[in-house]
Amino acid sequence: GAVVSQHPSWVICKSGTSVKIECRSLDFQATTMFWYRQFPKQSLMLMATSNEGSKATYEQGVEKDKFLINHASLTLSTLTVTSAHPEDSSFYICSADRLAGAPRDYEQYFGPGTRLTVT
Amino acid sequence: AQKITQTQPGMFVQEKEAVTLDCTYDTSDPSYGLFWYKQPSSGEMIFLIYQGSYDQQNATEGRYSLNFQKARKSANLVISASQLGDSAMYFCAMRPSNTGNQFYFGTGTSLTVIP
Numbered sequence: 001g002a003v004v005s006q007h008p009s010w011v012i013c014k015s016g017t018s019v020k021i022e023c024r025s026l027d028f029q030a031t032t033m034f035w036y037r038q039f040p041k042q043s044l045m046l047m048a049t050s051n052e053g054s055k056a057t058y059e060q061g062v063e064k065d066k067f068l069i070n071h072a073s074l075t076l077s078t079l080t081v082t083s084a085h086p087e088d089s090s091f092y093i094c095s096a097d098r099l100a101g102a103p104r105d106y107e108q109y110f111g112p113g114t115r116l117t118v119t
Numbered sequence: 001a002q003k004i005t006q007t008q009p010g011m012f013v014q015e016k017e018a019v020t021l022d023c024t025y026d027t028s029d030p031s032y033g034l035f036w037y038k039q040p041s042s043g044e045m046i047f048l049i050y051q052g053s054y055d056q057q058n059a060t061e062g063r064y065s066l067n068f069q070k071a072r073k074s075a076n077l078v079i080s081a082s083q084l085g086d087s088a089m090y091f092c093a094m095r096p097s098n099t100g101n102q103f104y105f106g107t108g109t110s111l112t113v114i115p
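Chains F and A are the protein sequences, given in the same order. First residue of the first sequence: 1, per our numbering; consecutive thereafter. First residue of the second sequence: 1, per our numbering; consecutive thereafter.
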């Protein structure tokens, strides 16, 4: 199967510091990766779409200078929350698309999520 | 505009009974995929079932089946023989072909299985 990992699974940081979250596709190449944010008891909210080798496309209302996304390779995308504040505390989930033509290429594979707490 | 609606914030079902979770959608794209995901308290999104807009038959995956009514734009999830481990949040999602591979998620339904 297609596996997506995220690291770390949880992180606590102090207000004003930056945190980097990694998203890796372990056994497949992902041309596109997505970053979601989920508050308690709410749905997933798409933050941005990242394509390997190009700039991420951010959804309306998401600050690109605060949430830096880098998709350096076909298996790795990173989300850096810069100058984190308590309101950035949330559950961040990444997902990845397989290359078109791969089995079940209609499916999006989700990472296990990263729980960020900013104190 | 793309929209997914789940009108049941919470549902209860007796163990071993069947339960239907509702989902309606709206899209102008003639080609789209419909998905159901389960999210337990651990937070991971678990893929359950997929239905393509051109699929003639309703999708089934073990105890999960998708009741796809295209004219009504509904894609209800049926879970048969509920188990205690089925207690979780369930999200319906749509993926139109012409939106850059973006998923649109519903607000979710919290399912509790009662022993």
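Don't take each hint at face value.
Quick list of simulated restraints, FRET-style, between CB atoms [said to hold, decoys possible]: (1) A/78 x F/45: 21 to 31 Å; (2) F/61 x A/12: 34 to 44 Å; (3) A/56 x F/119: 25 to 35 Å; (4) A/46 x F/40: 11 to 21 Å; (5) A/44 x F/80: 36 to 46 Å; (6) F/42 x A/98: 20 to 30 Å; (7) A/55 x F/66: 34 to 44 Å; (8) F/65 x A/12: 37 to 47 Å; (9) F/45 x A/26: 14 to 24 Å; (10) F/106 x A/17: 47 to 57 Å; (11) F/3 x A/29: 37 to 47 Å; (12) A/83 x F/65: 28 to 38 Å; (13) F/82 x A/84: 40 to 50 Å.
Taking lysine-lysine pairs in the DSSO-like style, the calculated list, with each CA pair at most 27 Å apart, reads [said to hold, decoys possible]: (14) A/73 x A/3; (15) A/73 x F/55; (16) F/64 x A/70; (17) A/73 x F/41; (18) A/70 x A/3; (19) F/64 x F/20.
These are calculated hints, taken from the structure and not from any lab test. A virtual CB, placed ideally from N, CA and C, is assigned to each residue, including glycine.
Regarding the pair residue 64 of chain F and residue 20 of chain F, is the alpha-carbon distance no greater than 27 Å? 14 Å, holds
Check the following: the C-beta atoms of residue 83 of chain A and residue 65 of chain F are separated by a distance inside 28 to 38 Å. Once the Cβ atoms are compared, 46 Å apart, the range 28 to 38 Å for residue 65 of chain F and residue 83 of chain A is violated.
Next pair to validate is residue 73 of chain A with residue 55 of chain F; report whether the Cα-Cα distance is within 27 Å. Violated, at roughly 35 Å.
Satisfaction of the hinted span 14 to 24 Å by the C-beta atoms belonging to residue 45 of chain F and residue 26 of chain A: Between residue 45 of chain F and residue 26 of chain A, where Cβ atoms are some 19 Å apart, the hint holds.
Restraint check for residue 73 of chain A with residue 41 of chain F, where alpha carbons must lie at most 27 Å apart: 25 Å, holds
Given a hint of 34 to 44 Å, does the C-beta separation of residue 55 of chain A and residue 66 of chain F actually sit inside it? 41 Å, holds
Range agreement (Cβ of residue 40 of chain F with Cβ of residue 46 of chain A, hint 11 to 21 Å): Since the Cβ atoms of residue 46 of chain A and residue 40 of chain F sit about 19 Å apart, the hinted range of 11 to 21 Å holds.
Between residue 82 of chain F and residue 84 of chain A, does the beta-carbon spacing fit 40 to 50 Å? 42 Å, holds
Does the structure keep residue 64 of chain F and residue 70 of chain A at a Cα separation of 27 Å or less? Roughly 38 Å between the alpha carbons, so the hint for residue 64 of chain F and residue 70 of chain A is violated.
Given the hint that residue 70 of chain A pairs with residue 3 of chain A, test it: the Cα-Cα distance must not exceed 27 Å. Distance ~15 Å between residue 70 of chain A and residue 3 of chain A Cα, so the pair holds.
Between residue 65 of chain F and residue 12 of chain A, does the C-beta distance stay in 37 to 47 Å? For residue 65 of chain F and residue 12 of chain A the Cβ distance comes to about 45 Å; the hint holds.
For the range 37 to 47 Å, tell me whether the beta carbons of residue 3 of chain F and residue 29 of chain A fit it or not. Cβ of residue 3 of chain F to Cβ of residue 29 of chain A: about 29 Å, so the range 37 to 47 Å is violated.
Of the numbered hints stated above, those contradicted by the structure are hints 3, 5, 10, 11, 12, 15 and 16, listed in ascending order.
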